[in-house]
Every structure is written in C-alpha cells, then in structure tokens.
Amino acid sequence: MRFEIMRLNDQDGTAVDSTVVDAASVKKIVQQAAETGQRLYIRPAE
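The working numbering numbers the first residue of the sequence shown as 1 and each following residue consecutively.
Just to be clear, a hint being listed does not mean it is correct.
In silico EDC-like pairs for lysine to aspartate or glutamate, Cα to Cα no more than 20 Å straight-line [to be verified]: (1) K27 with D17; (2) K28 with D17; (3) K27 with E4; (4) K28 with E4.
Calculated directly from the structure, the hints in this document are not laboratory data.
Model the full assembly from the supplied sequences, consistent with the hints where possible.
Right, dumping it as structure tokens:
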C-alpha cells in the first residue's frame, strides 16, 4: 500500500510539499518528523 505524506506549515496548516511512499517508509518519515516537530498529514494514495 502507498501513502501520500504532506508536510504542513506551522502557521496555518497548509501543505507545503507532498510525497508518495510505500508503507515501509511511513514509520521512518513519522519518526523524523517527530524529532524535529514537523506536522504531517498522511492519507492513502490512489
């Protein structure tokens, strides 16, 4: 399964960039975002 991950702007919550990754990569990206305090929006990709 593939997921779209969008990094969100801290000020207004708008998406600043997005990438589509496989399920195995999601955990790594979430851990990196947690370490730096980034906000993410994750949803299944079509």
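Handout entry: K27 paired with E4 [C-alpha distance capped at 20 Å]
Key = 13 Å, holds
Problem - Restraint status (C-alpha distance of K27 to D17 at most 20 Å) - result: Holds, at about 18 Å.
Problem - K28 paired with D17 [C-alpha distance capped at 20 Å] - result: Satisfied, since the Cα-Cα distance of roughly 17 Å is no more than 20 Å.
Exercise for the section: Could you grab the alpha-carbon distance between K28 and E4 and see if it respects the 20 Å cut-off? Expected result: The given pair, whose Cα atoms are some 14 Å apart, holds under the 20 Å limit.
Of the numbered hints listed earlier, not one is contradicted by the structure.
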